[in-house]
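Number of protein chains: 4
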Amino acid sequence: MVTVGIIGAGRIGKVHVESISTKVANARIKMLADPFIREETAQWAKKMGVAHVTKDYREVLADPEIDAVLICSSTDTHSPISVEAIRAGKHVFCEKPIDHDVAKIREVMSALEEHPVKYQVGFNRRFDHNFAAVRAAVDAGKIGEIHIVKVTSRDPEPPGMEYVKVSGGMFLDMTIHDFDMVRYLTGCNATEVYVEAAVLVDPAIGEAGDVDTAVITLKMENGAIAVIDNSRKAAYGYDQRVEVFGSRGMAAVSNDTASSAVISSAEGVTGEKPLHFFLERYMDAYAKELQYFVDAIENGTDTPLGVVDGLEPVRMGLAAKKSLAEHRPVKIAEIG
Amino acid sequence: MVTVGIIGAGRIGKVHVESISTKVANARIKMLADPFIREETAQWAKKMGVAHVTKDYREVLADPEIDAVLICSSTDTHSPISVEAIRAGKHVFCEKPIDHDVAKIREVMSALEEHPVKYQVGFNRRFDHNFAAVRAAVDAGKIGEIHIVKVTSRDPEPPGMEYVKVSGGMFLDMTIHDFDMVRYLTGCNATEVYVEAAVLVDPAIGEAGDVDTAVITLKMENGAIAVIDNSRKAAYGYDQRVEVFGSRGMAAVSNDTASSAVISSAEGVTGEKPLHFFLERYMDAYAKELQYFVDAIENGTDTPLGVVDGLEPVRMGLAAKKSLAEHRPVKIAEIG
Amino acid sequence: MVTVGIIGAGRIGKVHVESISTKVANARIKMLADPFIREETAQWAKKMGVAHVTKDYREVLADPEIDAVLICSSTDTHSPISVEAIRAGKHVFCEKPIDHDVAKIREVMSALEEHPVKYQVGFNRRFDHNFAAVRAAVDAGKIGEIHIVKVTSRDPEPPGMEYVKVSGGMFLDMTIHDFDMVRYLTGCNATEVYVEAAVLVDPAIGEAGDVDTAVITLKMENGAIAVIDNSRKAAYGYDQRVEVFGSRGMAAVSNDTASSAVISSAEGVTGEKPLHFFLERYMDAYAKELQYFVDAIENGTDTPLGVVDGLEPVRMGLAAKKSLAEHRPVKIAEIG
Amino acid sequence: MVTVGIIGAGRIGKVHVESISTKVANARIKMLADPFIREETAQWAKKMGVAHVTKDYREVLADPEIDAVLICSSTDTHSPISVEAIRAGKHVFCEKPIDHDVAKIREVMSALEEHPVKYQVGFNRRFDHNFAAVRAAVDAGKIGEIHIVKVTSRDPEPPGMEYVKVSGGMFLDMTIHDFDMVRYLTGCNATEVYVEAAVLVDPAIGEAGDVDTAVITLKMENGAIAVIDNSRKAAYGYDQRVEVFGSRGMAAVSNDTASSAVISSAEGVTGEKPLHFFLERYMDAYAKELQYFVDAIENGTDTPLGVVDGLEPVRMGLAAKKSLAEHRPVKIAEIG
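Protein chains in written order, with our numbering: chain A, 1 to 336; chain B, 1 to 336; chain C, 1 to 336; chain D, 1 to 336.
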């Protein structure tokens, strides 16, 4: 039984409370820390079996019973709290991104070299049943040598403008998941990125200095070409598809729906829209990534994604920003 | 080059004129006969390359250059003209059903014994790409021993009431195609039929003594169970599906559509309705059945369906009528 | 918070332990009773939060803290324990079938008249996301007046011969779920049943006096015709589909799969097989039915299916057996 | 009735002979010209109703009865014969590409200004049922404002190396169809192109100075971003899909197959591979483009694609080559 403390009681923090309480049998949550925690949330947490609620995350780090912490606080605190937690000898599960600044991530890496605890980054999509099935097909050799990878990733609606302004831009906030997906599916790093992007969804996003629509092309170490298409708003909901094409064939997945019901009528043959957004689509994946993390601690094995898996997508995102700014292909090596 | 005469210039007669003119390279139409042929139709036929138009089908039978006749006249004339044509030494392609009366079909069989010309019945659906693919899977052993056959056959709209009254009833008019399909897919005859039927589409059909909705269960010689479901009106169009289930698996086909376009929007994910009705759905099958007929003549081989394939579905239809009337399972052997 | 006792620690009893422990927030299990409970199971139960394990179900009924019992013991004990529990003032969730004998079910009904506790029967498929979506389409009027209902229900493999012998026959063991499904989808009772059945999967099943393949036609009170096709063995796995066809259109569902991954290769375009069997396919439905049961207790509302919903499918099953034995359509009114 | 001469009796010339003979009712072929025509082809042409066969295309241009010519000769002759034919007052249907050299295409444009005959370029895919349905959805406003266009275009096998060497490179030979598709679907021109490409299928293609795998990003005049992915070899056959995504939704099409048959077995659920290559997939589109051309002549209306539709994809292809060579985004305006 692994004893866990959770730092941050926002949306994703609550998802993790629920996952551990109901789906991860070999873990329990001893403490939940959030400086702004609401009474309502605290009560809910207790009902979910959380023993103690605090405003100070340092309490979590100081508790000798706590084996591991989940860092779900605001993005700017991910890397400093990671370092603190590592130094306190806690295993760390850190939400993505570790930081927008490569130097800060390297500090986490240094801390890990000194204190080799388990470290996992929250790229939950790797644990989705569909994407895992594509990866399994790749691993089984069914696709052969990979030639082209396509990732479609479109949100049902843009985030609020306050969030857009602090998000680090679409590439570091949204595409970062797709950068990880490309690495996951190909099993290698990107060497170069080229971005074509535009503001087509909402002019306010453009005014905030960001884009909302993009096609991003990547050259991969293994010679494959990857392409990601992003939109901040798909009228039909959360569009999350991938396709891997290679010398022996193709693996592709379609969106998940609430049911397979299809209505045939005078108007046409109509199925359901994709599950609305990430909480609906990836709920199982959120639980599964924690199960892997907890199992890695219990069994003394590697976590499925380490700190380098947190670093590379940030480099790709920074290279994408540079590509857009300078209107040219940018090598990943140009970044940090 | 096979020289053909066509008797009957109604809807299906015209389909055959067009098929032979444009798609059957080794046949030409010398004569088209219809007592009520309209000037407009005669002109159209000439443009399609028909050499001669007549009101008297006997002209067709008398022409020594004509190798084969297609009988597309009204149902009550199918069997007498078949006999005449056979006796005149013509190969015969006869639209379904040969007759509603088994004795009349047996007369055609007798004529064929005396004059062994080629004889083919117009069960066009055997030549449809989808159903042929299911049959090919069965033949290739992919389904194993057949256990259950399901045929869904629903029209987009009921025929006019005048037609309903002379049609011989839904089982001999519409289900007859499905009876043939079951024989085609299983490669054997039915031994027993049970009907559950109702008038749910239009009370006028009931007043005319017919039904418009039915589920028909069949016991097959090879032990399989077949079930057909029929409706005279599907709001979404012509529904033509089959499924063959056996010891090794299942083969199933879905409907054909005009395109594979799917629109995803706030309203759902919508594809096209099935092709509207038999002329849209089976146009290629109509041409293909004639190609097989013409090739059988040219090559001196068997036609893909002979007179017995015209007889059995009629017996099944008559047994179905008896089952409905007497509310019990009826053996095919009880019929003629 | 509803306090629950579970009687029976077999496969389905364990499923309910897990569902309540992890997915039903407003219920807790105080006791688990099974005369043959293994030490291993008892330990597992404690880890799942079950406070007490016993060999005597009467302990459950005697405990005044327990509000409700789930009866998951062997079929022959369902009705007597139901009656005992009702008389003890416990709300009852009873696995299907309540009994194979209509008279025994009527005893449960009598007990309920005297002690009107909540009573729910375990027809879990009503809580499946796919079937519920079809029912929702029916309720929303999208199908119009129902004309034809089709249920395909095929197991991946037949049960062991020991089980076959005590199962009451395929219609009471397996088809009973489909009988319930037809009632659920149409919202009305059947009036007549006709069975065509055979032994095509395993001769041993025939030697045990049962069948393994069937097509069952039903006449419904609302005029619709329903047809169920069953097989004890589908090579490709658990096949669970329904289709409702009516005056305005059709609603249909396909099977669930572990992922939507499709591999295109030189061999074809291949998707996954259906989820293997009921534990994989209906795990969520098992939790949902209990949530409804617990909520009905908490809120003092009706359970989603009452004792009559347990009775009718048994009558349909007995009528089906009679139809097979006497080779004729049988009215449900002929049964009890 | 439009009288046609066909110049070139290679593969595509024969397709057009067959289309006009069997599917275009209001046209007839008076002459077929090819300097290397084989006796076998000449005989076949006569059987298809071609009145006269010649080795000298000038005979076609000189025949006053001939209204229109189809130019199906080798690519290097497309533009000079176009000019000659236009000057001879013939309407012209010219296979793609008109030329690899923009200056040569401009000569054709000049000739057309002096002699305003009908001129149509053979981008057959615009007449495919699937792509036309997507375009219809766009025109009907179902997609709203277009944001992203995706075209997948993969051949089942690379052409022979002799052909590769004279093809002008993959972008002018293969992608040119996709460039046209992007223009067709968006209804506007591209302004910039960026290419990521590689040799992953066959090193010999690289040795010949060409690529066989590419992802091509395009900026469109209307603000949309388009992306094409190409491969010279898909193990599962000819992959021809498009997707248009916009403010109101998405329209997408899948590949055509010979049948909708799906086999479910212990191995999985397997449908057919896409139709093998362009002759199978686009046979109807080839006939339809000619029907439009002939109708434009008969009715004095515009052809569905004029000479500018022949020019723009060549400019896009040349820009793509430049992008690949110079490893940077290239404006279409940089080309001719």
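Quick caveat, the hints were computed from the structure, so don't treat them as lab data. Incorrect hints may appear among the rest.
DEER-style ranges, computed between Cβ atoms [as the list claims (entries may be wrong)]:
#, chain 1, residue 1, chain 2, residue 2, range
1, A, Asp295, C, Pro35, 31 to 37 Å
2, C, Gly49, A, Ala62, 52 to 58 Å
3, D, Leu279, B, Arg28, 42 to 48 Å
4, B, Pro203, A, Pro159, 56 to 62 Å
5, A, His129, D, His276, 54 to 60 Å
6, B, Arg38, D, Asp56, 44 to 50 Å
7, C, Gly187, B, Arg28, 40 to 46 Å
8, C, His276, D, Leu279, 40 to 46 Å
9, A, Pro116, D, Glu162, 57 to 63 Å
10, B, Thr22, A, Pro159, 56 to 62 Å
No residue lacks a Cβ here, since even glycine has one placed at the ideal position from N, Cα and C.
Status of each hint after checking the structure:
Between Asp295 of chain A and Pro35 of chain C the C-beta distance comes to about 36 Å, which sits within the given range of 31 to 37 Å. Taking 52 to 58 Å as the suggested C-beta distance range, the pair Gly49 of chain C and Ala62 of chain A does not conform, at roughly 30 Å. Look at Leu279 of chain D against Arg28 of chain B: about 27 Å separates their beta carbons, and that is not inside 42 to 48 Å. As the Cβ distance of Pro203 of chain B to Pro159 of chain A is approximately 58 Å, the hint placing it in 56 to 62 Å holds.
The given range of 54 to 60 Å is broken by His129 of chain A and His276 of chain D, whose C-beta atoms sit roughly 33 Å from each other. Checked against the hint of 44 to 50 Å, the pair Arg38 of chain B and Asp56 of chain D passes, with Cβ atoms roughly 47 Å apart. In this structure the supplied range 40 to 46 Å is violated for Gly187 of chain C paired with Arg28 of chain B, their Cβ-Cβ distance being about 60 Å. Between His276 of chain C and Leu279 of chain D, the C-beta spacing of about 42 Å keeps the proposed range 40 to 46 Å intact.
Between Pro116 of chain A and Glu162 of chain D the beta carbon distance is about 60 Å. The supplied range of 57 to 63 Å therefore holds. Roughly 59 Å separates the CB atoms of Thr22 of chain B and Pro159 of chain A, a value that falls within the hinted 56 to 62 Å.
When the structure is compared with the earlier hints, violations turn up for hints 2, 3, 5, 7 and for no others.
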